[in-house]
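On the provided structure of chain A, position chain B as indicated by the hints.
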Amino acid sequence: MISSAALTTGQVPDTSFYMIIAYGVIFLMTCAYVASLAIRWRRLQALIAHNAPDDAGAAERLAGHTVKTD
Amino acid sequence: MSKSNPFLLTCLDVITTLLVATAACLVFFYAPLEAVMGAVQKVFYFHVSTLWVGMLGFLAAAIASVNYLRTGAERWDHTAVSAIEISLVFFLSGIITGSIWARPVWNTWWTWDPRLTSAAIVELVYAAYFILRQSLESRARQARFAAVYAIAAFVSVPMTFVSIRMLRTIHPVIIGELTANIAGTFDITPAMLYTFIFSLVAFTFLFADLLWHRILLGQLQEQSETLLLRRMQHQEESR
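Line order of the protein sequences matches chains A and B.
Numbers 1 to 70, taken from this note's numbering, label the letters of the first sequence in order.
Numbers 71 to 309, taken from this note's numbering, label the letters of the second sequence in order.
These are calculated hints, taken from the structure and not from any lab test.
Yeah, the Cβ is synthetic: ideal placement off N, Cα and C, and Gly gets one too.
Not one of these hints is a red herring.
Output of the computed footprint for chain A on chain B, the stretches with three or more beta carbons under 8 Å from beta carbons of chain A: (1) 100-110; (2) 115-121; (3) 285-296.
Here chain B stands alone, though its shape is the one from the complex:
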């Protein structure tokens, strides 16, 4: 993004790009075609990975928010905002790709299945986080209220994860034990599993990379505001 980025971040940029490109190659050229769904099953690898990034970011935001309330350090607020912003983007792309997968498999773009509904609720709950921040003028109150909200909002994330394991659903369950409630799943071969795990690792790197960039951006924004305030004070004094 900028030549002022630390050397380690540049290394992380390169590693992340290589990992994501390799993951894409594995998906398209290594993972086998699934017998019933065909090529659309390959959406699964990046669909789950994007949702994983989303959930990871929401968890990171909850932890950062607890640390902010404990210490009051601005950097934790920057971390929480950054993590939620990235997660919202990836969680939304996870929902959209799931909808695209559902069209040929379920013959519908959307159904009010427990997993789909709870995922949509999570996206809206975290979108409201930014509305809450915008509605408060004081910087300290903004950070404190947002921290409490981010911790409370995180309750919705594990609920989404367990929704397909506790409620009757047509959403496939790949990880964990199958129960009588689960109506749809597919067999996974070792090649599929390797591709899936590699995609998860690549997207975890992508999240870490984007989070680092976004935190730097937040710090730059704060410095810019400080400089603007200083300039205004200087102008006031010179009058």
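The following block holds chain A by itself, in its conformation from the complex:
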């Protein structure tokens, strides 16, 4: 069993390269997923707008906008 005390000073192995790579992976994967959600959202909005050319408010209503009709 590795038993160790956490230190703020003293000699510790330099493994910061691996830490940076690991956090880079998490950051990139999260960003890629958020970007994929945004891209899919925009594509669907465009598709809805394309499929409802006769009804100008349809795309907005389907996308969640409140359309006022006077």
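For chain B alone, coordinates are given in the frame of chain A:
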């Protein structure tokens, strides 16, 4: 993502961003260096948090699937798909970061340890969920079969969690009692514990935020398909 998102979701976006940024600051500037492993030990905070998001999503999907089978409401199917999609991404990043941590600590990228093996199985089992959905044409059958699969697949999640507590392993155990089978662990100071708990909370918010966005996306997709069908029917009638 869009100006059509509800106000509460925008608030959640902001809170989540602040929480994750604070968690990252705590990891890099507050949590102390561990004596044996050095800086790579700091991978632990987000590594566990990403896997926590994964497991939380799989649990949410199982609950949503039970509700779908009980009520037949489409929204539960959307919730299950959304939760599994997010969980797959985070669970995979958890596996990858674990592998990166293992390289300097275990001197290998991968070993067939019970925890690593069971985590890989969970990832593959849930990847198959989407293959199953794609293989069925009927929307209702797709949702029903996928719901049953998501409930059955969830068995693999607690098995992964307890694998390092029941089997001989070299994977560190931080939470819970240590047993004779456990070959590797490290001491955790209060500062490390605070950072760890904060990271878990931040990632739970991140999961809730992404889940909300993904459910909205699913609803938009369904509306788009309905509109397309309506347009095709209209074209048929006008011929």
